[in-house]
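Visitor: With chain Y held as given, fit chain R onto it using these hints.
Here the protein sequences come in this chain order: Y and R. Residue 1 is where the first sequence starts when you use the working numbering, and the numbers rise one by one after that. Residue 1 is where the second sequence starts when you use the working numbering, and the numbers rise one by one after that.
Fair warning: there could be bad hints in the mix.
Copies of one chain are not kept apart here, so a pair can be met inside one copy or by any two copies together.
Claimed, not checked - Listed below are the simulated EDC-like cross-link pairs for lysine to aspartate or glutamate, each with C-alpha atoms no more than 16 Å apart in a straight line: (1) Lys-29 - Glu-3; (2) Lys-28 - Glu-3; (3) Lys-18 - Glu-75; (4) Lys-29 - Glu-52; (5) Lys-28 - Glu-52; (6) Lys-18 - Asp-90; (7) Lys-29 - Glu-75; (8) Lys-18 - Glu-67.
Since the hints were made in silico from the structure, they are not lab data.
There are 2 protein chains.
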Amino acid sequence: MTEVCTVNYIDHVGVAVKDIEASLAFFKKVFDVPDAQIELLEDQGVRATLIEVGQTRLELLEPTGPESGVGRFIERRGEGLHHLAFNVTDISGKLQTLRTLGVDLIDQTPREGLSGAIAFVHPRSVFGILTELVESNPKS
Amino acid sequence: MTEVCTVNYIDHVGVAVKDIEASLAFFKKVFDVPDAQIELLEDQGVRATLIEVGQTRLELLEPTGPESGVGRFIERRGEGLHHLAFNVTDISGKLQTLRTLGVDLIDQTPREGLSGAIAFVHPRSVFGILTELVESNPKS
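Chain Y with its partners taken away, still in its complex shape (with noise of 0.2 Å):
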């Protein structure tokens, strides 16, 4: 086990939207990103697309109903930033290792998002940052 969570590099930074192909729309014409695919997760409310720009991406986030997740954000705090990502190595290691450090945890496994394996940490731990921990799944 290693005693830091080494992060990788910046996996994406997420935005709640209310209107996922408008704004892809906007990205697209506007700051000349490319094109990408929107896909349903039922099982966290929202549609969602990444966007890649340079070794990031955007990911947008357009919740399913006002009771998901990102609705309540966005009926709260209005559109916005949501959420940051990190790309790791091993991230049931480094979820152990946050344990260890004394962070707060959202999701105590990981599980299965768009691009990988993911894991959220509390924003309380992270000055009110809601992060999220990415391994992605092996190119093919």
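Guide: Only chain R this time, still in chain Y's reference frame:
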């Protein structure tokens, strides 16, 4: 003049914190990021530091007082994700392009930031994201 505001990569993600020394120490201890220098930016009302994480950076911002922009942000929303910065080439041309595209700018012309020329775009034009453009200083 280009017709799109092409972005090169995510330059940094800005985070509002109450105690920059404590938060920098936490990121070093827990996430194994390199050390970074804290600088006072009096005109922006913050002490700030840029932590290298892969291609992009985390920018920690501690307000110098409650009346600064970041101070009011923390008062209203608490600590957490504050802004998203894209690296661009020819920032002045890009601002002109954004105006042409009907995007609301906070800064009509670039000003000096921590690592180059910067300008902020109004969050109401970018789905609630306080968006910054950065044109890096040439590396010496």
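Visitor: Indicate, hint by hint, whether the structure satisfies it.
Guide: Results of checking the hints against the structure:
In this homomeric assembly, Lys-29 and Glu-3 come within 16 Å of each other (Cα to Cα) only across copies, at 9 Å, whereas the closest approach inside a single copy is 44 Å. When the C-alpha separation of Lys-28 and Glu-3 is checked against a cutoff of 16 Å, the pair qualifies only between copies, where the shortest distance is 12 Å, while the shortest distance within a copy is 41 Å. With identical chains, the CA atoms of Lys-18 and Glu-75 are at most 16 Å apart within one copy only, with a shortest distance of 10 Å there and 25 Å across copies. For the homomeric pair Lys-29 and Glu-52, the shortest alpha-carbon distance inside one copy (15 Å) is at most 16 Å, but the shortest distance between copies (29 Å) is not.
Proximity of Lys-28 to Glu-52 under the C-alpha cut-off of 16 Å is restricted to the intra-copy arrangement: shortest distance 11 Å within a copy versus 27 Å between copies. Taking the shortest alpha-carbon separations for Lys-18 and Asp-90, neither the intra-copy value of 34 Å nor the inter-copy value of 31 Å comes in at or below 16 Å. Within a single copy, Lys-29 and Glu-75 get their C-alpha atoms no closer than 27 Å, and across copies no closer than 35 Å, so neither meets the 16 Å cut-off. Taking the closest pair of Cα atoms, Lys-18 and Glu-67 come within 16 Å of each other only inside a single copy of the chain (14 Å); across copies the shortest separation is 31 Å, beyond that limit.
Consistency with the previously given hints fails for numbers 6 and 7, ordered from lowest to highest.
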